[in-house]
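S.K.: Listed below, chain by chain, are the residues.
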Amino acid sequence: MNNLELKKTANEVRKGIVTAVHSAKAGHPGGSLSAADIYTYLYFEEMNVDPKNPKMEERDRFVLSKGHTAPGLYSTLANRGFFPVEDLKTLRKLGSYLQGHPSMQYIPGVDMSSGSLGQGISAAVGMALGAKMDKKDIRVYTLLGDGEIEEGQVWEASMFAGHRKLDNLVVIVDNNGLQIDGPVSEVCSPYPIDKKFEAFNFHVINVDAHDFDAIRAAFREARETKGMPTAIIAHSLKGKGVSFMEGSVAWHGTAPNDEQYAVAMADLEKISEELNQEVEA
Amino acid sequence: MADVKKIATRESYGNALVELGAEYPNLVVLDADLAAATKTGVFKKAYPERHIDCGIAECNMTGIAAGLATMGKIPFVSSFAMFAAGRAFEQVRNSIGYPHLNVKIGATHAGITVGEDGASHQCNEDIALMRTIPGMVVMCPADDVEAKAAVRAAVEHEGPVYIRFGRAACPVINDRPDYKFEIGKGTVVREGSDVTIVAAGICVGNALEAAEMLAAQGISAEVINICTIKPLDTEIIINSAKKTGRVVTAEEHSVIGGLGSAVCDALCASYPVPVKKIGMQDVFGESGSAAALVEKYKLDGKGICEQVRDFLK
Numbered sequence: 001m002n003n004l005e006l007k008k009t010a011n012e013v014r015k016g017i018v019t020a021v022h023s024a025k026a027g028h029p030g031g032s033l034s035a036a037d038i039y040t041y042l043y044f045e046e047m048n049v050d051p052k053n054p055k056m057e058e059r060d061r062f063v064l065s066k067g068h069t070a071p072g073l074y075s076t077l078a079n080r081g082f083f084p085v086e087d088l089k090t091l092r093k094l095g096s097y098l099q100g101h102p103s104m105q106y107i108p109g110v111d112m113s114s115g116s117l118g119q120g121i122s123a124a125v126g127m128a129l130g131a132k133m134d135k136k137d138i139r140v141y142t143l144l145g146d147g148e149i150e151e152g153q154v155w156e157a158s159m160f161a162g163h164r165k166l167d168n169l170v171v172i173v174d175n176n177g178l179q180i181d182g183p184v185s186e187v188c189s190p191y192p193i194d195k196k197f198e199a200f201n202f203h204v205i206n207v208d209a210h211d212f213d214a215i216r217a218a219f220r221e222a223r224e225t226k227g228m229p230t231a232i233i234a235h236s237l238k239g240k241g242v243s244f245m246e247g248s249v250a251w252h253g254t255a256p257n258d259e260q261y262a263v264a265m266a267d268l269e270k271i272s273e274e275l276n277q278e279v280e281a
Numbered sequence: 001m002a003d004v005k006k007i008a009t010r011e012s013y014g015n016a017l018v019e020l021g022a023e024y025p026n027l028v029v030l031d032a033d034l035a036a037a038t039k040t041g042v043f044k045k046a047y048p049e050r051h052i053d054c055g056i057a058e059c060n061m062t063g064i065a066a067g068l069a070t071m072g073k074i075p076f077v078s079s080f081a082m083f084a085a086g087r088a089f090e091q092v093r094n095s096i097g098y099p100h101l102n103v104k105i106g107a108t109h110a111g112i113t114v115g116e117d118g119a120s121h122q123c124n125e126d127i128a129l130m131r132t133i134p135g136m137v138v139m140c141p142a143d144d145v146e147a148k149a150a151v152r153a154a155v156e157h158e159g160p161v162y163i164r165f166g167r168a169a170c171p172v173i174n175d176r177p178d179y180k181f182e183i184g185k186g187t188v189v190r191e192g193s194d195v196t197i198v199a200a201g202i203c204v205g206n207a208l209e210a211a212e213m214l215a216a217q218g219i220s221a222e223v224i225n226i227c228t229i230k231p232l233d234t235e236i237i238i239n240s241a242k243k244t245g246r247v248v249t250a251e252e253h254s255v256i257g258g259l260g261s262a263v264c265d266a267l268c269a270s271y272p273v274p275v276k277k278i279g280m281q282d283v284f285g286e287s288g289s290a291a292a293l294v295e296k297y298k299l300d301g302k303g304i305c306e307q308v309r310d311f312l313k
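If you read the sequences in order, they're chains A and B. Here the first sequence stands for residues 1 to 281, where the numbers follow this note's numbering. Here the second sequence stands for residues 1 to 313, where the numbers follow this note's numbering.
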């Protein structure tokens, strides 16, 4: 996909996020929107996956360690063809397979159940290790929140990944700067994030999480990095794409009401129109 | 029973893993810097490429095992019960239990027979914790023979399994040609008519000793060995309760949430009879030799005998 196609797709992913959370009347839009470009790049460009065969043995794996941003993952999977986009409206409802947090047992394309922060990265490390043990060319990606990395288990997992030189592992930190109780820098600062991963023997790349040229370059660099895992620190804007959600901690875990939903969708439609007029250079 | 062969079930664990490692190339063993103590060191020696030392980080080890299971491995997570079930409880619950992954947890140094290390390392709560997780099989083998059989059964079972092993050597009581093991099946190891003693782990051998002493006092005790605490063999317990009318449970674990509670749950539901729960009576342990502690907390043959006799008065 070229950048324009990626941008258009990411905007559709954002529409799905807002629609799902609005329909559920609950969920986490802020961190889903901030990671939408990363999700899109992973599933439409980077990862070896097959929506028709979600359990394909040789597929690349993705673990959403920051499991509360499931609407972002679900919308990406739906847009990629793993299940109908229409089903996003069943998010969090009784009887729906789209559970509040990712469940590998019920949801096509979900490689690991997650949601309890700090745990997904360990599972991803286990997957990367398993692939190495079997000498399989499988890459493993895991997305963490910048608040999530306050969990000690993240650093247990990072120490192990660095020690074992798991160069088939890419840890992405969605650095949108906000957690439930406020800015990460005020709650319990995880900064400097890049230097911490460097100290745990990772190759570290800082990237603008909304610039597909930069994202593409970062994942290429990760692929070329041998002998150590890669950490991509994705500098993002929480709520990206929806005017009133951008940079606002209030939209970490709140659903828009009908009026707010209309405004959000209008914002995203406007972006669609702009993108439709753009021509890929 | 002085001339009976004694082996710690943690030794059986390590030996069983070596044996099964040859049959199952996808069996891997994880440790958190305790391979020498959990006795998985023998597996490490036999299959170094399949032994993964995670360092002192049990929560991460549990998650790594979950990830390995999704890749088709059969991971055995090894640590002391305190850390495998206690520290990493939520990881076991959410990363293994909820997705129902094929991870086996080999928890050694359970209960007070840890001995000298004292209360901080004597886990009397692991059965209670593990049996609350949906889909988790919980086993507590009584001796070397049963421990090895339980490890094999765990490998053959698809889904999460927790097995509890002890540090101290205990008598081999199941060494007979017709011995069979099945997950979820208890065994009547001594028939009797006045009282039923349902025991697990080291308390099975001790309950047999107690039954011997009780017989000398004219009391006929039936002893049931329950290795699988979940799913529990309710039928064997209820059938015995129908015969004797009174049940005593004996375990090296808190009387809150362990075998005793599981047996009470089963009896309450369909055949209520008076039950006496022998175990750790809502207290922490302490330092001392395993033998001294088992005697002090009345989990040895004499202690079980006395408590059964008092219960029947």
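To be clear, the hints were calculated from the coordinates, so they are not data collected in a lab. Heads up, a few of these hints could be off.
Said to hold, decoys possible - From the derived model, a few chain A residues whose C-beta atoms are all more than 10 Å from chain B: (1) 47; (2) 126; (3) 160; (4) 221; (5) 243.
What the hints assert, rightly or not - Here chain B is said to cover these stretches of chain A; the calculated rule only asks that three of the stretch's residues, wherever they fall, bring their Cβ under 8 Å from a Cβ of chain B: (6) 95-105; (7) 145-158; (8) 166-173; (9) 199-207.
The C-beta atom is built at its ideal place from N, Cα and C for all residues, glycine as well.
S.K.: Now tell me if each hint is right for this structure.
M.R.: Verification of the hints:
{"no.": "1", "hint": "47", "result": "16 Å, holds"}
{"no.": "2", "hint": "126", "result": "2 Å, violated"}
{"no.": "3", "hint": "160", "result": "6 Å, violated"}
{"no.": "4", "hint": "221", "result": "24 Å, holds"}
{"no.": "5", "hint": "243", "result": "36 Å, holds"}
{"no.": "6", "hint": "95-105", "result": "holds (count 3)"}
{"no.": "7", "hint": "145-158", "result": "holds (count 4)"}
{"no.": "8", "hint": "166-173", "result": "violated (count 0)"}
{"no.": "9", "hint": "199-207", "result": "violated (count 0)"}
The structure fails hints 2, 3, 8 and 9 (numbered hints given earlier, in ascending order).
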